[in-house]
Each structure stands twice: as C-alpha cells, then as structure tokens.
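**Student:** With chain L's structure known, arrange chain P on it following the hints.
Read off the chains here:
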Amino acid sequence: MNETPAIAAEGLVKNYGKTKALAGFDLAVPPGTVYGLLGPNGAGKTTAVRVFATLLRPDGGRAQVLGHDVVTGAAEVRRHIGLTGQYAALDEYLTGRANLVMIGQLSRLTASAARRRADEMLERFNLTEAASRAVKTYSGGMRRRLDLAASLIGYPSVLFLDEPTTGLDPNARAMTWDIVRELAAEGTTLLLTTQYLEEADQLARRVAVIDGGTVIAEGTPDQLKASIGGAHLDVVLAAGSDLEAAIVAVKPFATGAVQPDPDGLHLSVPVVAAEGLTTRVVRALDVAGVEVNDVTIQRASLDDVFLALTGHASSTGHASSTGHASGTSDDSSTDEEKEESEAA
Amino acid sequence: MSAITADLVPQQDVTYGRSPVAHFVTDVWVLVKRALARIRREPETLADVTFQPVIFILMFAYVFGGAIALPGGGNYHEYLIGGMLGMGLAQTAPGVAVALVSDMSTGIVDRFRSLPMSRWAVLVARSIAELLTQIISTVVVVGVGLAIGWRVHTNAPDVIAALALALLFGYAFTWAGVCLGMVLRSPEAAQQTGFLIFLPLTFISSAFVPTQGMPGWLQPVAEWNPMSALAAATRHLFGNPNPAATIHAWPMQHPELAVVCWSVGMLAVFAPLAVRQFRRKVLG
Chain L
18 MNETPAIAAE GLVKNYGKTK ALAGFDLAVP PGTVYGLLGP NGAGKTTAVR
68 VFATLLRPDG GRAQVLGHDV VTGAAEVRRH IGLTGQYAAL DEYLTGRANL
118 VMIGQLSRLT ASAARRRADE MLERFNLTEA ASRAVKTYSG GMRRRLDLAA
168 SLIGYPSVLF LDEPTTGLDP NARAMTWDIV RELAAEGTTL LLTTQYLEEA
218 DQLARRVAVI DGGTVIAEGT PDQLKASIGG AHLDVVLAAG SDLEAAIVAV
268 KPFATGAVQP DPDGLHLSVP VVAAEGLTTR VVRALDVAGV EVNDVTIQRA
318 SLDDVFLALT GHASSTGHAS STGHASGTSD DSSTDEEKEE SEAA
Chain P
988 MSAITADLVP QQDVTYGRSP VAHFVTDVWV LVKRALARIR REPETLADVT
1038 FQPVIFILMF AYVFGGAIAL PGGGNYHEYL IGGMLGMGLA QTAPGVAVAL
1088 VSDMSTGIVD RFRSLPMSRW AVLVARSIAE LLTQIISTVV VVGVGLAIGW
1138 RVHTNAPDVI AALALALLFG YAFTWAGVCL GMVLRSPEAA QQTGFLIFLP
1188 LTFISSAFVP TQGMPGWLQP VAEWNPMSAL AAATRHLFGN PNPAATIHAW
1238 PMQHPELAVV CWSVGMLAVF APLAVRQFRR KVLG
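From first to last, the protein sequence lines are chains L and P. Reminder that position 150 of the first sequence reads as 167 in this note's numbering, one-by-one numbering, no gaps. Reminder that position 185 of the second sequence reads as 1172 in this note's numbering, one-by-one numbering, no gaps.
Next comes chain P alone, as it looks inside the complex:
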C-alpha cells in the first residue's frame, strides 16, 4: 500500500533514511527560522527585550539611582547593569508563554503533530529562538550600560563567564515560560500571569537595590531569589560594586555556583513538566 506514496514522491526529494538526530536538528532549525522570520517581519515584537531594558536602565540610573545608597559605597550605574542583565533575560519568559499558547490555539500545533516531524522540536525550537532574543537583550543592556558609564574591571574570561552564566540562567528561565504556556489557555492569561510572576521576582531581589535596605523578614527571600544570585555573580565577575558579598546567605557567598544550581534546577523541573503537559494537552 505504501507503494502509492513511493510512486508519488521522487526519492531524492525526501530525507527519510537520515538519522533521528539529523531529523530532530532539521525540525528545530526549521522552526527556529520560523520564529526569526516573524521577528524580521515585525521587529516591534522585540520591543520587550530592547526598548524596555533601555527605559528601565535610564529610569533607574537617572531617576531612582540618586536615592539609592550602596552599602560599602560604589557607583550605582556600575551596580545597576548586573541586575538589568537578569531582568532583560527573565522578561522574555511571558513572551514564550504567549507564543506557545497562540500556537496551541490556532491549530498549527495540530498541523505539526500530523506531520512526520519530532513534536518536541516545537518546544525546543521555541526555547532556542528565545535564547537568540535574549542575546539581543544582553547586547542592548551592555551597550546602554557602556553609554551610561558602566565599565568592566576584570579580564575577558571573567566577562565571558558572566555573560555565559546570564544566558544559561536565561535559557533555564525560558523553560518556566514554556511551562506556563502549556498550562494556560489564552495568550492574555499567559501575558498577565507571566507579568505577575516576573514582577516580584525581579523586584524582590538585589537586581535594582541592595537587599540590606529591605525589612528583615524579606531579606532571606531576596537573598535566595535566583535573580539576586545572578546579579551578584555578574557584578562579581565584572568587578562591579557587589554589596551582597558581605551577606552570609549561601547564594550570596557563592553566587556563580548558585546561578548554575538554580539554572540546572529550573531546567530539571520545568523542562520535563512542560514536556509532560505538552504530551497531555496534545494527546487527549
């Protein structure tokens, strides 16, 4: 019976026979290109990772910054950028959720699932496309940072390590967004829920202000917040003011290791959860 198809398709036109890994890579690549094509056609979708960090940096540097005193002294502009990196990365998570919820609701995921492609490629491609926008966000934050007087006081390996840590964290956090997209039903709900999680996460941390000024009961929350660990790690690796270094909480004493642990932990929890939810949602 399959002869019908074999007669129809010219054999040199199909990729059957290649390894499953090659197929998976192709599927992911095709879907990443899909996400990038959308950005090319509508660059304004990048506003959340470009203009928004710029506005936040300018506001904190020139509006709130003057009122924030760093324990142990130091330049607030230099302090700010480590925090802004994390914020720019975490901020993309609601966008992932929205994109996935939209895909699920338009029926295009049904189309994908009726094709001989890898279904997990849908999720993996989304996370990789997001990593690419996170790189754009990072470049913007670094660029604006340099413009407002932020400087690096260490060497290239430390800077590379800082950026790599930030992107590792960003990629892991993306899977929280993927998970959110699998749980929620409408793009609006995804947008709002994402915002509600993202806002306290970034603000109850040392991203913008030192945790030492927070009420005693809130300080442990902020110190164990992964955003604080990322901010402390990048500040440390950039050689920027890092008041958290005097805090005894474990993540503040070992911020680099804490970021790796948080990232691995988030990946270990959210990726299987997202996959499980995806399987349940699409296989009724």
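The following block holds chain L by itself, in its conformation from the complex:
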C-alpha cells in the first residue's frame, strides 16, 4: 500500500486497570474504503474507535487519521471525522431538526449552512415528517437514523460507525447498509465495527478480525475465507435415492466426515474447492446410481473463519449464509463493550 492510509494505528495500547483493552493494535485503512473491524464483545473494537475519534488517549503506540496524530493533532482530526456510537448521542428534549442544526453549528458550519444541511439530512434519512418532534418521541430506528445523520452533518471524510446496526430490526438494518454503501460510493472512508459476520462480508472491502485487543487476521473477506481453506459441497438427493450409496460415492472427495441430514436427502461434504469438482462428484454419484437434484459448493463463511481463528464462536448465528456449522454460534451477547467505556 503506497498510499497514506486514511486511518492508521501502530502498536496501540490502552489499559483499564489490569484489563488490556488494546494490546498492540495495528491497522491501516486505505482512503475511500469501507473497513470492517470484526470481533466479539470486549475484543477492543469500541476502544479502538474511541482512540481514533480522539475520545480516548492511548497508553502506548500511535494512531493517525488522515495523517494527523489523534493526540497531538486532535483538533485537526475532529474537523474531518464523524462518529456514530452504539447509543444515540442526541438531545432527547430537542427536536430532530434542532439536534442537527446544533451539531452542524458545533461542526463549524455557519448557522444558515447548518439549517440547510440539516434539512438535506432529514430528507435523506426519511425523517422530514418527524423533524419538528422531540427526539424522545422517536422509535429506536429513527433515533439511529438521526444519530447517523448527525455524524454526517459536518461533511466528514472519515466516518466511524460503532456497531451501527446492533439492536436494529431487519428493515432498519437494510437501510443502514444502503447508506453505508452510498457513503462509500461518494468516497467517504468508513471504519465499521460489528459483531455480525454477514455485515462485514456484505459491506467491508477489507476486514480486520480483532480479539483480545489485537488484530489476529486481516484481509478481504474472500482472502480470510480462503485462508482457512475449507469449502462444503451441499448435495441434494432426489426422493427415494440410496443415501448409503451416495455417501460411499462422495467419500473419495471428502476431506472430513460426510454429514447426512436427518431427512436422508441432504449431504454436507467438506472438500477442497477445485476446478471441475462439481462435475466429478455428479459423475461419481451417477455411476453409483444415485439421482441428484442439486450440487453446490459453499465456501467457508466468516463464521468459520472466526471460529478457526479465535477458537470461540462469534456472537450471532443469523449472519451465516449457509446454515452449516452455525449451531455453535448462538450465544446471544447483547451486552456491548460498554464496560470498556464506563471504566474510563
């Protein structure tokens, strides 16, 4: 990467008493990309974002945003960033519009520019109708939208989104994803923390997996998935087919145990993805006299990556695109990394 990263960290350390929230955290986010910071609760995601957003002083290491140091150049950093945290940071008693105008003016917009920009944002986030109501009457989804609008009002070129969709319903989540994509298309650099693997997979061009305050893997979602090598072949048999014969036929291709479904019609075969693999499998099944409805290769999900890297599952299963192996990841973790910020 010969371009100056928009967001960079070298050996960041942050301790809360004996807890090491960041233990040598490195990151380099190229300008104009969506970058995913993926990790379980307490991994250090929020701490990292708070350091980048100049809210926390690191105990060691360096962090820069657009080439400005977050400690010595904090004022300069704040000119260029937007932050949306896990909890809507709004004045409950002000109207939606008044919140945006206030934050616009505090972002160094002139009063008239702040009003104009507030109306633009309300329009863009579909909040025009609710603009004159106090925020405390807003639903959770509306609050998040207004919060996001607030973080954009000062024309940030770098945006930090700390778990922007945690607790949102599927509609609101889809809307947030659309906004992230639009912003990325406009050239904004986005650092997005998430516990949802699918979210990182869908939105981020590159992903850093963080655990125990340090990055344990980095790359494009595809690279990460390829790094653990695995893929699965899902075989759907025609009704009345001989399951045993099918298992025997696919066994030569399997790199592990073949998993038949209880219904006797599905097989999940761990394989190494290779050219022509599907053809050969179908042929072998045909020779064995097994009728097949469908054969598809499923590459590893980030879920698998996460499990392989950290030895523990990510916090949610619904992000898995394939459904296999996701039974391990249903421990619901709604407690955010709040303890980190409160310890401050």
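No lab work stands behind these hints, which were simulated from the structure alone. Among the clues, some could well be false.
In silico lysine-lysine, DSBU-like type, Cα no more than 30 Å apart, as pairs [stated by the list, open to error]:
#1 37/L - 242/L
#2 1268/P - 37/L
#3 1268/P - 153/L
#4 153/L - 1020/P
#5 1020/P - 1268/P
#6 242/L - 268/L
#7 35/L - 1268/P
Covered stretches of chain P, going by a simulated chain L footprint (3 or more residues, C-beta under 8 Å) [unchecked claim]:
#8 997 to 1005
#9 1011 to 1018
#10 1090 to 1102
If the Cβ cut is set under 10 Å, some of the chain L residues that face chain P in the computed set are [claimed, not checked]:
#11 30
#12 89
#13 118
#14 120
#15 131
#16 168
#17 177
#18 185
#19 186
#20 187
Even glycine gets a Cβ: it sits at the ideal position worked out from N, Cα and C.
**Tutor:** Just chain P now, with coordinates in the frame of chain L:
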C-alpha cells in the same frame, strides 16, 4: 488528503478561519440555546426556580413568620426576601449537576468531543444557561416579595448592586453544581447529594431566621455561612431589617465584601476543579 473534505464542504458554509474566541462564543451560544430550547419545550423544568420559591415565601411569611421575632424589631416580610433571593439562587445548583450527569451518561458529551468545537463550552454554556434561570428565579422572588408587602427603602444603585451581588453569588455557586455533576455518576445521586448540601447551607444561615436565636456553638457557623453574608448584604442594600448588623463576625460587618470574596473564592476553587474533573472524566 484533507482535499477530500475541502471538496465536500462549500467554503462559504464553514467558519474555519475565524478566531478561536469567535468559535468559543459561537459554541457557548449554540449550547445555551440548547438549554433554553429545553425550557421552552418543558417549562415545568423551571418549577424549582419558580413555584418552589413562591411556596417557601408564602410558608415562611404566613406560617413560620409569626413565630419569628427579629432582634431590634422590624417587619419579617421585609426581612424574608433578602434570604429568599439567596435560597432561590443556590437551589439551582443541584439542577446543574443533574443536567451535566445526564449529558455525560447519554453519550452526547462524547459526540461533542468528537466535533471540532471547544469542549469547555459545554461547562461554560451550562453555567450561563443556569444564570438565566437564576434571573427568572430572582424576578419571581422580587415579584412575590412585592405582593406580600416587601419594599425597598433605598435608591436604584443600591438595588442594582444588591441584585448584581446576588447573581454573582448565584453564578459562582453554579460552579459548585458543575463540580458536583463532574464527580457523581447518576442523575439521582446528583439530585440527592445536591439537596443534602443545599438544605443545611440555606437553613443554617440567616436566610430565614436571625442567627441570634441559634445555640452559641452554631452561631459562628451560621455567621460565616456565605448565605448569611448574601442575606445581610441584600437586606442592607435594600434598607430592610438586618439584625446581623450588630454581630461582630467579620462577614456580618462587611457583608457586601464578604459576598464578593465568597463568590470569587468559590469560582477560583470550583471552576478549575470542575474543568480538571471534566478533563479526567472525558479523556480516560
């Protein structure tokens, strides 16, 4: 790299390039407007500086007042208002603490700190918004006072001096509330602690009753209480009964100077303390 932003923001829309002082004034003004907007939307938040003084004045004037004899004589209704002014002002301090603790706990202070604004503006704006509610409280106390028969027996400069002293004291006391808000963690704790400090402060003073009737060991406490100095100063400047004038304690002999000293002292102690605590709390 900054070119990205420069391309995005129309130059005539931003105030970069203005002086830091102009920025600070804008930030404070925007945040004061925020506090006032809340009052406009929910006027009942002013109950503590409006209805409460009214109730206290009526209770003391018509319930307890008859049982309170002023050394050297004088009308209790006229005596009462000087004390009530101070009480109305000091009473706002717990409210400041509650407002700040709430801000700190909702994350809006985090938002402010991620903006290119002055962070001290958060504290300064809160203290100025409070000064405005204190002016409302003062107007209420004066209004109700006039209604129950309180009169001024001096000239306009003395009255203005009395009100200015009261507001100076009120502003300084606000910073004690700001400090409290920086130390405590929950709005409930701020409310209760504020009340616990405020109650003895106003009652162990000459705000409602002359200190001469208190036990000997308590009298020095009451005489050196800043609330007594404020009450004595305003009574003196209004030309109202001021039994404290015969007390030898220095603050009772020089109440105006004592109020100024107390105010400057409180500002000198509490403002830096609040700022330091704010810095520590928000910069982990």
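**Student:** Indicate, hint by hint, whether the structure satisfies it.
**Tutor:** For each hint, the structure was consulted:
1. 37/L - 242/L: 28 Å, holds
2. 1268/P - 37/L: 19 Å, holds
3. 1268/P - 153/L: Distance ~26 Å between residue 1268/P and residue 153/L Cα, so the pair holds.
4. 153/L - 1020/P: OK: residue 153/L and residue 1020/P at ~18 Å, within 30 Å.
5. 1020/P - 1268/P: 25 Å, holds
6. 242/L - 268/L: Cα-Cα ~23 Å, so holds.
7. 35/L - 1268/P: Holds, at about 19 Å.
8. 997 to 1005: holds (count 6)
9. 1011 to 1018: holds (count 4)
10. 1090 to 1102: Per the Cβ count (9), the hint holds.
11. 30: Nearest chain P Cβ about 13 Å off; hint violated.
12. 89: Violated, because the Cβ-Cβ distance from residue 89/L to chain P comes to roughly 14 Å (cut-off 10 Å).
13. 118: With a closest approach of 9 Å, the residue 118/L hint holds.
14. 120: Nearest chain P Cβ about 7 Å off; hint holds.
15. 131: 8 Å, holds
16. 168: 8 Å, holds
17. 177: 8 Å, holds
18. 185: 17 Å, violated
19. 186: Violated. Min distance 22 Å.
20. 187: Violated - the Cβ of residue 187/L stays beyond 10 Å from chain P, reaching only about 25 Å at its closest.
This entry does not satisfy hints 11, 12, 18, 19 and 20, going by the numbered hints stated previously.
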